[in-house]
Structure formats: structure tokens, C-alpha cells
Amino acid sequence: MDRQTGFTLIELVFVLGVLAILATLGVQTLGGNERITQLASAEDQVIAELRRVRSETLYGLPKKSGSNLESAAINARTNPSVSVCPERINYRYGGNYAGSVHAVECRGCTPCDQQSPYQITLSAGGRNTAICLTGETGRVERSPCD
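Taking my numbering, the leading residue of the sequence shown gets 11, the next gets one more, and so forth.
These are computed hints drawn from the structure, not numbers from a lab. Because the structure is a prediction, the values reported are computed rather than measured. Every residue gets a Cβ at the ideal spot worked out from N, C-alpha and C, and that includes glycine. Keep in mind that a hint or two might mislead.
[Said to hold, decoys possible] Have a look at the derived ranges for each label pair, beta carbon to beta carbon:
hint	residue 1	residue 2	range
1	S93	A30	38 to 44 Å
2	P154	G16	44 to 50 Å
3	E146	A50	23 to 29 Å
Could you put together the complete structure from these sequences and hints?
Below, the structure written as C-alpha cells:
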């Protein structure tokens with residue numbers, strides 16, 4: 011008697027069922043990376059805010075306040091589930107120090123650098139990332155300060 015080679019319908023259905031279960035588990039595992047996505051988004055927002063305020067002070071764009079300082083309220087720009095320390099950075103307006111960092115406001119958050127280079131820490135769900143801000147130039151980099 012001739013024996014045919016191949017898979018039966020039951021074998022194919024069983025393999026497809028196992029693959030469906032594995033795919034479901036894989037999607038659930040990838041969903042756990044929501045905090046990483048929130049941190050990356052918050053990092054982008056903080057860097058954009060710092061660069062915006064620095065540009066305003068460097069190029070003499072109209073001031074929002076009457077003082078020689080312009081503030082970057084970086085904590086207010088991020089998702090509420092992401093904490094940022096320091097919360098506010100003040101840039102100098104005009105003169106030889108235009109675009110440089112005048113002061114950081116921690117408002118009780120930790121860790122908080124009070125000297126340049128300033129490390130800005132973003133935290134969400136036990137995960138952290140850091141941004142480095144040079145006080146003299148006001149430049150920002152996507153890496154921890156060395």
C-alpha cells in the first residue's frame with residue numbers, strides 16, 4: 011500500500027493553535043515597554059523645551075517676563091507619570107552670557123545638581139534616563155554627564 015507524505019488537518023490546526031498562543035504571549039510582553047516609550051517621549055519634550063528657551067535667549071526673541079531670565083518649565087511639558095528633576099531651568103537673556111544657564115530649581119526633587127554640568131533625570135515606573143546640560147553654553151545632550 012502506498013503511504014502518502016504530508017500533514018493531516020489535525021496536525022496543522024494544532025500547530026496553528028500553538029503559534030497563536032505564542033504570538034499572544036509575545037504581544038503582551040512587548041506591551042510592558044510602555045514606560046520606555048513614555049521616557050523616550052518625555053526626553054524629546056524636555057530637550058525641545060530646553061532648546062526652545064535657549065534659542066529665545068540667544069537670539070533675543072521677545073521675553074515672556076520682564077527680567078533678564080527666561081525659564082524652561084521642563085516638568086510641566088512631560089507626561090504626568092514621568093518625573094523630571096530639576097523641574098525648572100533659568101537661562102540668561104542678553105549680554106555675554108546669553109543662552110547660558112543661570113540657575114536650576116529642584117523644588118525638593120532628588121538627585122539635583124547645583125553645578126554645571128547639570129544632569130537632568132527622568133524617571134517612570136522604576137526606569138531612569140538622563141540628559142546632560144552644560145551651564146556655560148546651555149547646550150543639551152542625550153546622555154548622562156561624565
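Hint check results:
no.: 1; hint: S93 / A30: 38 to 44 Å; verdict: holds, 39 Å
no.: 2; hint: P154 / G16: 44 to 50 Å; verdict: violated, 58 Å
no.: 3; hint: E146 / A50: 23 to 29 Å; verdict: holds, 28 Å
Figure legend: structure checked against the earlier numbered hints; the only hint not met is number 2.
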